[in-house]
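K.L.:
Residues per chain, in single letters:
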Amino acid sequence: MSVKLQIFEYNGSALVAMVGKNCFAIASDRRLGVQLQTVATDFQRIFKIHGKLFIGLSGLASDAQTLYQRLVFRHKLYELREERDMKPETFASLVSAILYEKRFGPYFIQPVIAGLGDEDKPFICTMDSIGAKELAKDFVVAGTASESLYGACESMFKPDMEAEELFETISQALLSSVDRDCLSGWGGHVYLVTPTEVTEKILKGRMD
Amino acid sequence: MGDSQYSFSLTTFSPSGKLVQIEHALTAVGSGQTSLGIKAANGVVIATEKKLPSILVDETSVQKIQSLTPNIGVVYSIANLYSLCSGMGPDSRVLIRKSRKQAEQYYRLYKEPIPVTQLVRETATVMQEFTQSGGVRPFGVSLLVAGFDDKGPQLYQVDPSGSYFSWKASAMGKNVSNAKTFLEKRYTDDMELDDAVHTAILTLKEGFEGQISSKNIEIGVIGSDKIFKVLTPSEIDDYLQEVE
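Protein chains in written order, with UniProt numbering: chain E, 1 to 208; chain B, 1 to 244.
No wet-lab data here; the hints were simulated from the structure.
Since this is a predicted model, take the numbers as computed values, not measurements.
Glycine is no exception: its CB is placed at the ideal position from the N, C-alpha and C atoms.
All the given hints hold, so there is nothing to weed out.
Residues of chain B clear of chain E, computed beta-carbon distances all greater than 10 Å: (1) Gly-30; (2) Tyr-164; (3) Lys-168; (4) Lys-185; (5) Glu-235.
Below, computed lysine-lysine pairings styled on DSS-like, alpha-carbon distance capped at 25 Å: (6) Lys-87(E) <-> Lys-226(B); (7) Lys-121(E) <-> Lys-111(B); (8) Lys-174(B) <-> Lys-205(B); (9) Lys-87(E) <-> Lys-151(B); (10) Lys-87(E) <-> Lys-101(B); (11) Lys-121(E) <-> Lys-226(B); (12) Lys-111(B) <-> Lys-76(E); (13) Lys-111(B) <-> Lys-137(E); (14) Lys-48(E) <-> Lys-111(B); (15) Lys-111(B) <-> Lys-133(E); (16) Lys-101(B) <-> Lys-76(E).
Isolated chain E (complex conformation):
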């Protein structure tokens, strides 16, 4: 039996970012699959650009890794030239421009960008595979589990949550959503970022 190739669903992914009070959290699942077969259970989808800027890349895993390498390259040069870190809003504009360059042969990914901007104000956004930005004040989601994630976040989210509560909320939203999606799951990976520290936690969920 052959499954019709849906390129955005080939590897499976789940990504969510949420804004809290002077902090943000970004979380992903850990499964890497080749359609229905699971190939890895420790796959990294969220990458650090600098201490206060993270990007998660859902969709085709090889495009996610390649695009991440290109973005790190651009940011390193920017840091050397301008002697400062990139603001999250600026980085989002850069990602959008890079994705649109490939308008007629795009990267099959959907990024989720989360960072602390000027005066440590949390910033999150997502965009489609050709760079259409979507800014949000509360949460953004991406991946094969995105529909469940929308529902879970919408019901669980409250504005101005402190770091611990934000961590609990994003973890519950992620785990309950990936349980409803056969292509994502096998645990969770959560980054909680405040102006002073970055906490990284692995979640144990249903391993199936």
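Using the hints provided, position chain B relative to the given structure of chain E.
P.N.:
Frame of chain E; chain B shown alone:
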């Protein structure tokens, strides 16, 4: 000196280690009309003489101070008036055009206005390329770039060689040594923008041949509002009256 034998090709070093064409370009700049810039605590002012070859020239059509972006302005120093025909004033137009394009490209990519240092560096890179390429000659202008960004007010000078310098206050063109001495005496770090404009006018007056008026000088300012503007003749008149 055997240098003159090496002045035919701009890409050949002379025995004394100079690129003779660039030296000539700097000389051209050094004999041009005086322009100067002063960085104040809350802004930057740039000013220049505007000597026209004849009273028949419509002075409102001549503008030596231009803006590169809403928050960065530039003035250039050229050799002499005849060089307007021999290719120096137009050199500045080419540079201004390229700089504006670079600033817009930066904005298109990052949706952020270009920092002054980055624009100066890119402009200087263009000028350097024309000292190391085949079939071209160096630009015959030096630029004084005034801008205000997140790092505060900034003043840069860019030379035909492609070197750039950050200044608290600087002058170029004729009379540069007198002007710089005058500026050294009068410059203070906590100067306000208005004081800087007065000082700029007085410095121009030092070496001015004839009567200074709003028709034969140009002044551009940028304050903490981060908007570069060229002063109108009536605004210049107001400052001139305060100086008298």
